[in-house]
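When you get a sec, could you build the whole thing from the sequences and use the hints?
Heads up: the protein sequence lines correspond to chains A, B, C and D, in order. Add 522 to a position in the first sequence, counting from 1, and you land on the number used in our numbering. Add 522 to a position in the second sequence, counting from 1, and you land on the number used in our numbering. Add 522 to a position in the third sequence, counting from 1, and you land on the number used in our numbering. Add 522 to a position in the fourth sequence, counting from 1, and you land on the number used in our numbering.
Hints were generated in silico from the structure; no laboratory data involved. Incorrect hints may appear among the rest.
One copy or two, it doesn't matter: identical chains are merged, so the pair holds either way.
As the list claims (entries may be wrong) - Capping the alpha-carbon separation at 20 Å, the derived lysine to aspartate or glutamate pairs in EDC-like fashion look like this:
| id | residue 1 | residue 2 |
| --- | --- | --- |
| 1 | 545 | 628 |
| 2 | 599 | 620 |
| 3 | 599 | 578 |
| 4 | 615 | 643 |
| 5 | 630 | 578 |
| 6 | 524 | 590 |
| 7 | 545 | 620 |
| 8 | 545 | 587 |
| 9 | 545 | 636 |
Protein chains: 4
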Amino acid sequence: MKIRVYYEDTDAGGIVYHTNYIKYCERARSERFFSQGHRPLEGDASGFVVHHISADFLAPAFLGEMLEVTSRVLALKRSSVILEQDIHRGSVKIFSMEITLAYLSESKVRRIPDSILALLDIEGAF
Amino acid sequence: MKIRVYYEDTDAGGIVYHTNYIKYCERARSERFFSQGHRPLEGDASGFVVHHISADFLAPAFLGEMLEVTSRVLALKRSSVILEQDIHRGSVKIFSMEITLAYLSESKVRRIPDSILALLDIEGAF
Amino acid sequence: MKIRVYYEDTDAGGIVYHTNYIKYCERARSERFFSQGHRPLEGDASGFVVHHISADFLAPAFLGEMLEVTSRVLALKRSSVILEQDIHRGSVKIFSMEITLAYLSESKVRRIPDSILALLDIEGAF
Amino acid sequence: MKIRVYYEDTDAGGIVYHTNYIKYCERARSERFFSQGHRPLEGDASGFVVHHISADFLAPAFLGEMLEVTSRVLALKRSSVILEQDIHRGSVKIFSMEITLAYLSESKVRRIPDSILALLDIEGAF
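Written out as structure tokens, the structure reads:
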């Protein structure tokens with residue numbers, strides 16, 4: 523998934539504000555679902571929540587650059603999934619994150635439904 | 523209401539990103555309600571929505587500055603209210619906005635409840 | 523310019539937070555320049571700043587929706603330009619804004635350079 | 523440092539968007555410096571950048587809540603510092619993060635100046 527860096531993403535240091543790399547990764551996860559027509563229904567209280575993040579900030583990104591987010595499944599458990607999500611500018615990796623997502627329904631941890639697993643494409647990268 | 527400018531509020535131009543002044547004004551409106559213990563209940567589909575904004579950006583603000591948002595009611599109608607909200611840095615006005623808020627319930631325009639009017643303090647400024 | 527609504531763009535009311543429509547319009551303006559290879563140099567203190575916004579919020583947008591931003595020049599002056607920028611979801615206009623941008627260099631209002639005018643495509647829409 | 527949750531901080535899931543906890547921690551770090559009168563000069567290319575984050579999201583926060591960020595130094599090296607930053611709602615810890623910050627000047631890792639160390643209050647918490 524390609525992401526352009528706009529003014530809103532940068533800060534007075536002239537570079538992308540650190541939390542925005544993590545936002546870009548969330549866009550890539552959501553786009554995986556949205557682009558397949560899956561969208562949370564209003565009032566539907568099930569979905570993934572972020573449980574843990576371990577992130578390395580390897581190099582800064584700048585206004586106007588085009589970045590690319592890649593994602594792959596590292597581990598799949600009954601009610602959670604661990605992804606590696608990287609951000610590259612051209613061939614240079616500038617950010618890398620391991621993120622653990624837990625599947626909740628009505629605020630309780632639940633088994634990930636098969637319909638969701640099908641959208642996630644466990645075998646491949648996205 | 524005092525608001526500090528943090529890195530997240532600035533952009534690569536070294537100044538506060540333009541939409542953030544409008545965010546600061548929303549914080550001041552919400553704080554008016556939150557500080558009096560009023561908070562939207564989950565699933566409650568009533569509240570004010572932004573209908574129109576007319577905003578003048580008079581001078582830039584910079585990282586680390588302390589700004590002040592002031593608000594006053596310009597006009598009150600059955601189901602909407604018009605506010606003037608200004609932002610000052612010390613004695614210098616850097617932003618001024620007229621904003622029209624409509625009161626909705628279940629996606630329909632409704633009369634503003636008396637309980638809400640009481641919190642708004644129609645006579646005074648906040 | 524197509525823009526997808528992600529979680530970061532929505533708020534607890536279940537709709538896109540009002541200032542984000544204005545951010546989307548800024549993305550469209552910047553994309554106009556970035557996609558033609560124009561990017562502000564570091565330390566370059568010239569560019570457009572937002573002077574005035576008059577915005578109508580016509581209908582809410584929701585998580586996962588694909589929106590489209592259109593822009594056209596309403597008026598061009600020596601050192602400023604007025605744009606109309608609209609946001610549609612399909613054929614429904616949900617947001618419309620008139621924005622006045624002033625061209626500054628070293629914090630002073632300046633004549634818009636011809637090189638910038640060429641990128642802006644005064645005659646057409648973008 | 524107390525932080526109020528506003529609409530801009532929440533998402534359509536009705537809770538605070540995950541990256542905003544990390545933003546709150548950055549506000550607390552910056553406030554440590556700003557409140558002592560230290561503010562980066564324009565064109566000054568030295569300061570801390572985020573190198574690594576390991577974060578646990580323990581419980582959600584909701585619109586209108588008042589949160590508290592606490593910070594303490596876990597380790598201090600020549601050119602970097604590791605902080606633990608926690609967020610509580612009342613007595614409940616809802617977020618905990620270890621963050622490694624590197625001190626850069628002119629894009630190169632440098633020894634942290636004594637003037638900065640003095641502001642950081644290595645011994646205590648902030």
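Honestly, which of those hints from before does the structure not fit? Hints 1, 4, 9 not satisfied by this model.
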